[in-house]
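Below are the chains, spelled out letter by letter.
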Amino acid sequence: MGRVLPTLRKQGSPLASGAAQRDLLARTPLPRSFADALRSSDLYPLRPTTIEILQINVGKRCNQTCRHCHVDAGPDRVEEMPRPVLEACLSFLERARIPTLDITGGAPELHPDFREVVARAAALGAHVTHRCNLTAILLPNYADIPALLAARRVEVIASLPYYQARQTDAQRGEGVFEASIVGLRRLNALGYGKGTGLVLNLVTNPVGTYLPGSQAALERDWKRELQRRHDIEFDHLYTITNMPISRFLAFLEEQGRTEEYLTRLVNAYNPRAAAGVMCRNTLSVGWDGTLYDCDFNQMLELPVSAAVPRTIFDAERAALESRDIEIGPHCFGCTAGAGSSCGGAVAVSSAATVPG
Amino acid sequence: MPDRPHYYHHHDLPRFGEIERGARELAKKFFDWYGAVFSEGALTTREKSLIALAVAHAVQCPYCIDAYSRDALEKGSNLEQMTEAVHVAAAIRGGSSLVHGVQMLNHVDELGM
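Just so you know, the sequences run in chain order A and B.
Going from the first sequence to the numbering used here is simple: count from 1 and add 12.
Going from the second sequence to the numbering used here is simple: count from 1 and add 1.
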């Protein structure tokens, strides 16, 4: 693969700080606040339904530096979930009987204990999902990962913004598309995405400052084109809106389009998407064990309400399920159009483009 | 009317709905029909978006070009497909001029010896 861009942290960018990002978002004039939008839908204060997914961010190290990355992940990041936090996560998963463990990062497989975490979570009977960038599994010393995932029936959720190289490489780095196709072929060869029960889902983020279209329609195109061009199969396509956080926020600032993009998100607010946002059924754990309402709040350094336990060491399901979810302007990213979450669109969009 | 530096303004596009001020019922009929036209049918929404992009160029509507360049990307089209759609519009516009050359030939044949 080609040259890897420096992270915001390495560049010394002020936007490497979650507080600076929150401040910038708060200063951006918008038609209405997210709280007002929720009030208009009788959803304020936003509360969880039930915790169905424990999403653990095992670290920020990644072999790529995608331009839209909300984690500011990259090869120079050293944050890594230490052993006691991993143990506490597995303990909570078992104790609270959470059905799904969602492992994210960075590139999660670069964590030295990734294999063990997958094996132990699967042994507990949890459904395990792995956020895969499709290229880390090609690195030396990680070639065994796909077979391990298959053996434990892990659901793979892999990033591929477009079915062509130019768009994919523009977002994820030169040469990433070609490498991703190799990664997808390896997964297909193991039975992933082939109707064997080994689930391979793809994720697309728009390669630019526009919103994703209909998930069902895009999925049809992606399936047809990946089959036709590369003989690759997968199960579902998830559309995820680019969040105005971290590197995508820095990109918006460079373009002078932060207010325009946020306004577009605000104007595309969909109450049905708001009712289905992922923070209502997900608990997010940071690499250091801090609890968050979602991975986006995590990167903005906005932990769960101070009224409930704030670390995985003292997590208690009932208390966490009664919390008020922390919100901000960035939340419009999860409620625009058909909505967006780590599981893709959450509603059918009613928005129609009018001219023109 | 205040002096405006440009005739078209991108911030006027979101104000399209204000057209109802003079004829509410007609606007409602138009926007309902418009929505129905662009919903999924025998053609996909992506195909309709590309047609709209081509027509936008044929009629040279700045608002429509703005809206459907974005919409085509959102619907999953790529630059190659969008460019080909614009070429289709350009070919029809160019061809519609050129094919009238047959009229010219008719006149030449009638008027000549």
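Note that these hints are calculated values from the structure, not bench results.
Among the hints, erroneous ones may be present.
[Unchecked claim] Residues from chain A that keep clear of chain B, each with C-beta distances beyond 12 Å, as calculated:
{"#": "1", "residue": "R44"}
{"#": "2", "residue": "E92"}
{"#": "3", "residue": "A134"}
{"#": "4", "residue": "R178"}
{"#": "5", "residue": "Q179"}
{"#": "6", "residue": "E186"}
{"#": "7", "residue": "P224"}
{"#": "8", "residue": "G225"}
{"#": "9", "residue": "L249"}
{"#": "10", "residue": "T275"}
{"#": "11", "residue": "R276"}
{"#": "12", "residue": "V320"}
{"#": "13", "residue": "F325"}
{"#": "14", "residue": "L332"}
{"#": "15", "residue": "G340"}
{"#": "16", "residue": "G349"}
[Unchecked claim] Facing chain B, according to a computed beta carbon distance under 8 Å, are these residues of chain A, among others:
{"#": "17", "residue": "S52"}
{"#": "18", "residue": "L55"}
{"#": "19", "residue": "G220"}
{"#": "20", "residue": "Y222"}
{"#": "21", "residue": "S226"}
{"#": "22", "residue": "A229"}
{"#": "23", "residue": "L230"}
{"#": "24", "residue": "D233"}
[Unchecked claim] Every beta carbon over 12 Å from chain B, so not counted as near; a handful from chain A, in silico:
{"#": "25", "residue": "L27"}
{"#": "26", "residue": "P57"}
{"#": "27", "residue": "D125"}
{"#": "28", "residue": "R127"}
{"#": "29", "residue": "A155"}
{"#": "30", "residue": "Q176"}
{"#": "31", "residue": "V211"}
{"#": "32", "residue": "P218"}
{"#": "33", "residue": "V219"}
{"#": "34", "residue": "T221"}
{"#": "35", "residue": "A228"}
{"#": "36", "residue": "R232"}
{"#": "37", "residue": "W234"}
{"#": "38", "residue": "D243"}
{"#": "39", "residue": "N279"}
{"#": "40", "residue": "P315"}
Every value quoted in this text rests on a predicted model; they were computed, and no experiment measured them.
Every residue gets a Cβ at the ideal spot worked out from N, C-alpha and C, and that includes glycine.
Okay, the hints, checked on the actual structure:
1. A:R44, annotated as away from the interface, keeps every beta carbon of chain B farther than 12 Å; the closest lies near 15 Å.
2. Distance check for A:E92 against chain B: the nearest CB is about 36 Å away, which clears 12 Å, and the non-interface claim stands.
3. The non-interface label for A:A134 is consistent with chain B: the shortest C-beta to C-beta separation is roughly 35 Å, beyond 12 Å.
4. Distance check for A:R178 against chain B: the nearest CB is about 8 Å away, which does not clear 12 Å, and the non-interface claim fails.
5. Not every beta carbon of chain B lies more than 12 Å from that of A:Q179, the smallest distance being close to 7 Å; the non-interface claim is violated.
6. Distance check on A:E186: its Cβ is at least 18 Å (rounded) from any Cβ of chain B, clearing the 12 Å threshold; non-interface status holds.
7. Separation of A:P224 from chain B is inadequate, the least Cβ-Cβ distance of about 7 Å not exceeding the 12 Å criterion.
8. With a minimum CB-CB distance of about 4 Å to chain B, A:G225 fails to clear the 12 Å threshold, and the non-interface call is violated.
9. Remark: the non-interface label on A:L249 conflicts with the geometry, its nearest Cβ contact in chain B lying 10 Å away (cut-off 12 Å).
10. Distance check for A:T275 against chain B: the nearest CB is about 9 Å away, which does not clear 12 Å, and the non-interface claim fails.
11. A Cβ of chain B approaches the Cβ of A:R276 within 12 Å, the least distance being about 9 Å, so the stated non-interface status is violated.
12. With a least CB separation of 38 Å from chain B, A:V320 remains clear of the 12 Å interface cut-off, as annotated.
13. Residue placement check: A:F325 keeps its beta carbon more than 12 Å from all beta carbons of chain B (closest about 43 Å).
14. With a closest Cβ-Cβ approach of about 36 Å to chain B, A:L332 is found to remain outside the 12 Å limit, as its non-interface label requires.
15. Under the 12 Å C-beta cut-off, the non-interface status given to A:G340 relative to chain B holds; the minimum distance is some 24 Å.
16. Distance check on A:G349: its Cβ comes as close as 9 Å (rounded) to a Cβ of chain B, failing to clear the 12 Å threshold; non-interface status is violated.
17. At its closest, the beta carbon of A:S52 sits 19 Å from a beta carbon of chain B; the interface hint therefore is violated under the 8 Å criterion.
18. Here the hint on A:L55 is broken, as its CB sits about 25 Å from the closest CB of chain B, past 8 Å.
19. The beta carbon of A:G220 comes within 7 Å of a beta carbon in chain B, closer than 8 Å, and the hint placing it at the interface holds.
20. Taking 8 Å as the C-beta cut-off, the interface hint given for A:Y222 holds, the closest approach to chain B being about 5 Å.
21. For the restraint placing A:S226 at the interface with chain B, the shortest Cβ-Cβ distance is roughly 7 Å, inside the 8 Å limit, so the hint holds.
22. Checking A:A229 against chain B: minimum C-beta separation of about 6 Å stays under 8 Å; hint holds.
23. Below 8 Å, beta-carbon pairs count as interface contacts, and A:L230 has one with chain B at about 5 Å; its hint therefore holds.
24. Evaluation of the A:D233 hint against chain B yields a held restraint, the C-beta minimum of about 5 Å falling below 8 Å.
25. The beta carbon of A:L27 sits about 25 Å from the closest Cβ of chain B, which is more than 12 Å, so the claim that it is off the interface holds.
26. In this structure A:P57 is separated from chain B by more than 12 Å, as the shortest Cβ-Cβ distance comes to about 30 Å.
27. No beta-carbon of chain B is positioned within 12 Å of the beta-carbon of A:D125; the least distance is around 38 Å.
28. Separation of A:R127 from chain B is adequate, the least Cβ-Cβ distance of about 36 Å exceeding the 12 Å criterion.
29. Distance to chain B confirms A:A155 as a non-interface residue, since its nearest Cβ pair spans about 32 Å, more than 12 Å.
30. Residue placement check: A:Q176 does not keep its beta carbon more than 12 Å from all beta carbons of chain B (closest about 6 Å).
31. A cut-off of 12 Å between C-beta atoms confirms that A:V211 is not in contact with chain B; the least separation is 22 Å.
32. Distance to chain B contradicts A:P218 as a non-interface residue, since its nearest Cβ pair spans about 7 Å, not more than 12 Å.
33. With a least CB separation of 8 Å from chain B, A:V219 falls inside the 12 Å interface cut-off, contrary to its annotation.
34. Look at A:T221: its CB is around 9 Å from the nearest CB on chain B, not clear of 12 Å, so calling it non-interface is violated.
35. At the 12 Å boundary, the C-beta of A:A228 falls inside the reach of chain B, the nearest C-beta of that chain being 9 Å off.
36. For A:R232, the requirement that its beta carbon stay farther than 12 Å from each beta carbon of chain B is not met, with the minimum near 8 Å.
37. Listed as outside the interface, A:W234 is inconsistent with that label: its C-beta sits roughly 8 Å from the nearest C-beta of chain B, within the 12 Å cut-off.
38. Interface exclusion of A:D243 from chain B stands, the closest Cβ pair being 20 Å apart, more than 12 Å.
39. At roughly 8 Å, the least C-beta separation between A:N279 and chain B is not larger than 12 Å, which violates its mark as non-interface.
40. Every beta carbon of chain B lies more than 12 Å from that of A:P315, the smallest distance being close to 34 Å; the non-interface claim holds.
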